[in-house]
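Undergrad: Here is what each chain is made of, one letter per residue.
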Amino acid sequence: MDSPSQTRHISEENAQSISRVEELAYVIRVDEVMSRDPKVLSPSMAMSDVLEMLRRDHISGAPVVFSSDLIGIISLEDLIRALVAKDLDAPVSQYMTTTNILTVHASDTVVEALKIFSKYNVGRLPVINENGSLTGMITKGDITRGILNNLQKDFQREEVRRYRASHLFEDIISDRSSLILRYNIKKGDFTRGGNASSNIKRALVRLGANQQIARRCGIAIYEAEMNLIIHTTKGGIIRVEIEPHKITMRAVDDGPGIVNVELAKQAGYSTATDEIREMGFGAGMGLFNINRCVDKMTLESEPGKGTRLEMKIYLQPEESVGDTSYHYGDRT
Amino acid sequence: MKLNDIIQIIDGTVCTEGTTQDVEIRGGCGADLMSDVLTSIQPHAVLLTGLVNPQVVRTADMADVSAIVFVRGKCPHPETVSLANQEGIPIISTPLGMFEVCGRLYSAGLPSLENELNLI
Numbered sequence: 020m021d022s023p024s025q026t027r028h029i030s031e032e033n034a035q036s037i038s039r040v041e042e043l044a045y046v047i048r049v050d051e052v053m054s055r056d057p058k059v060l061s062p063s064m065a066m067s068d069v070l071e072m073l074r075r076d077h078i079s080g081a082p083v084v085f086s087s088d089l090i091g092i093i094s095l096e097d098l099i100r101a102l103v104a105k106d107l108d109a110p111v112s113q114y115m116t117t118t119n120i121l122t123v124h125a126s127d128t129v130v131e132a133l134k135i136f137s138k139y140n141v142g143r144l145p146v147i148n149e150n151g152s153l154t155g156m157i158t159k160g161d162i163t164r165g166i167l168n169n170l171q172k173d174f175q176r177e178e179v180r181r182y183r184a185s186h187l188f189e190d191i192i193s194d195r196s197s198l199i200l201r202y203n204i205k206k207g208d209f210t211r212g213g214n215a216s217s218n219i220k221r222a223l224v225r226l227g228a229n230q231q232i233a234r235r236c237g238i239a240i241y242e243a244e245m246n247l248i249i250h251t252t253k254g255g256i257i258r259v260e261i262e263p264h265k266i267t268m269r270a271v272d273d274g275p276g277i278v279n280v281e282l283a284k285q286a287g288y289s290t291a292t293d294e295i296r297e298m299g300f301g302a303g304m305g306l307f308n309i310n311r312c313v314d315k316m317t318l319e320s321e322p323g324k325g326t327r328l329e330m331k332i333y334l335q336p337e338e339s340v341g342d343t344s345y346h347y348g349d350r351t
Numbered sequence: 026m027k028l029n030d031i032i033q034i035i036d037g038t039v040c041t042e043g044t045t046q047d048v049e050i051r052g053g054c055g056a057d058l059m060s061d062v063l064t065s066i067q068p069h070a071v072l073l074t075g076l077v078n079p080q081v082v083r084t085a086d087m088a089d090v091s092a093i094v095f096v097r098g099k100c101p102h103p104e105t106v107s108l109a110n111q112e113g114i115p116i117i118s119t120p121l122g123m124f125e126v127c128g129r130l131y132s133a134g135l136p137s138l139e140n141e142l143n144l145i
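Those protein sequences? They're chains A and B, same order as listed.
If you're matching positions, the first sequence starts at 20 in this note's numbering and goes up one per residue.
If you're matching positions, the second sequence starts at 26 in this note's numbering and goes up one per residue.
Quick caveat, the hints were computed from the structure, so don't treat them as lab data.
A quick note: this is a predicted structure, and the numbers were derived from the prediction, not measured.
In this text, a Cβ means the ideal position worked out from N, Cα and C, and glycines have one as well.
Any given hint could be a false lead.
[Claimed, not checked] DEER-style ranges, computed between Cβ atoms:
hint, chain 1, residue 1, chain 2, residue 2, range
1, B, 49, A, 210, 29 to 39 Å
2, A, 200, B, 49, 26 to 36 Å
3, A, 195, B, 36, 50 to 60 Å
4, B, 128, A, 195, 52 to 62 Å
5, A, 75, B, 112, 29 to 39 Å
6, A, 79, B, 36, 48 to 58 Å
7, A, 293, B, 142, 18 to 28 Å
8, A, 205, B, 112, 18 to 28 Å
[Claimed, not checked] Pairs of lysine-lysine residues, derived as DSSO-like cross-links and limited to a Cα-Cα distance of at most 30 Å, are as follows:
hint, chain 1, residue 1, chain 2, residue 2
9, A, 205, B, 99
10, A, 253, A, 206
11, A, 105, A, 58
12, B, 27, A, 172
13, B, 27, A, 134
Go ahead and model the full structure; you've got the sequences and the hints to work with.
TA: Right, dumping it as structure tokens:
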């Protein structure tokens, strides 16, 4: 690829995009962007047919293939030689170029093709596979398109990443605004287990929570979600209330309840079956772990009635979610 | 250490799609109990485990794990791989055992990202 002019002023932003394009040239493979099933000539074809084909397809040359091997190439120059000699009935084999045919490998990155383009000033290159068979053609246009497609994908990813609902509470005037998320958790649903937690963590990140807060909430609520899946009779409900300065997560079920709440909170105490342990849970670390992750944990339970676990995380002003005005104080 | 280097050191095979191998891995954590992982792991680690169900991916998601390695040649369940693809967490499979994998990575300079816990 041409290096940018030394005198041109390159902003930080430009420098980034240049390096990304250059990086892409080393990432995108020739066979990802080349055109497949290219127009090919056979050695026995008459030069007059070549003339007709080049005119019809608006191309300036074509590879010559014999039993799928690339044996030569016809360019406009070769055609002109036949025209000047008034020899258009001659076969392709007589005028094709057979020595020093420029090719590029299908598995090469496009930077290899770009090097050949700029060194030999050609516009298109035959692409061959490891057996030497022709598999396609590549032009500068193909490469540009490939790079643009990739940049477009990058851009979309960036857009998605940047999309944050972090201004959620900003335009809503109330004495106290909060966002409530509810999830129904089914007993024994191991396959979807953690789904709710995953969504909660993602929501927090989109609301502007920092990685650390999102992680603490994620781990705590995941342990609570697995507890509902493993230990309850009918499953339960997770309710998360998000406020700019506080996140309150509740896991509530209606049975069977915990016989000894204090014992249950101890690290290593477990009532889980071997089956649950085989799945990697039931080590008796759940409540202990939740307690470590949140600022305040309240566990209330009554055998036969159910369990109510409340977890609170308080946010420092600089950690607040869903309300950017909270960050900056009085903003106009 | 890059994920790429880890794959080479442990003779690993990538099981997920579109895996970027130049991800920086800050350290490792080895465990089969997901609660232990959640309790002790620090962010951006490679998780070495013999457990292959989708909960491993969920755990990784919650704990900001950068990549998962299944030891002892275990093939992940299809739903595990599909969840990992969805969450963008690379899964690597290695024929080596847990001890061997930990040993090789540690000798190659990958630090532990397991918190020490004092439970007593």
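Undergrad: State for each hint whether it applies.
TA: Hint check results:
1. B/49 <-> A/210: 29 to 39 Å: With Cβ atoms ~32 Å apart, the hint holds.
2. A/200 <-> B/49: 26 to 36 Å: Cβ of residue 200 of chain A to Cβ of residue 49 of chain B: about 32 Å, so the range 26 to 36 Å holds.
3. A/195 <-> B/36: 50 to 60 Å: 57 Å, holds
4. B/128 <-> A/195: 52 to 62 Å: The hinted range 52 to 62 Å holds for residue 128 of chain B and residue 195 of chain A, with Cβ atoms some 55 Å apart.
5. A/75 <-> B/112: 29 to 39 Å: 51 Å, violated
6. A/79 <-> B/36: 48 to 58 Å: 49 Å, holds
7. A/293 <-> B/142: 18 to 28 Å: 24 Å, holds
8. A/205 <-> B/112: 18 to 28 Å: For residue 205 of chain A and residue 112 of chain B the Cβ distance comes to about 21 Å; the hint holds.
9. A/205 <-> B/99: 29 Å, holds
10. A/253 <-> A/206: Satisfied, since the Cα-Cα distance of roughly 5 Å is no more than 30 Å.
11. A/105 <-> A/58: 25 Å, holds
12. B/27 <-> A/172: Holds, at roughly 24 Å.
13. B/27 <-> A/134: 29 Å, holds
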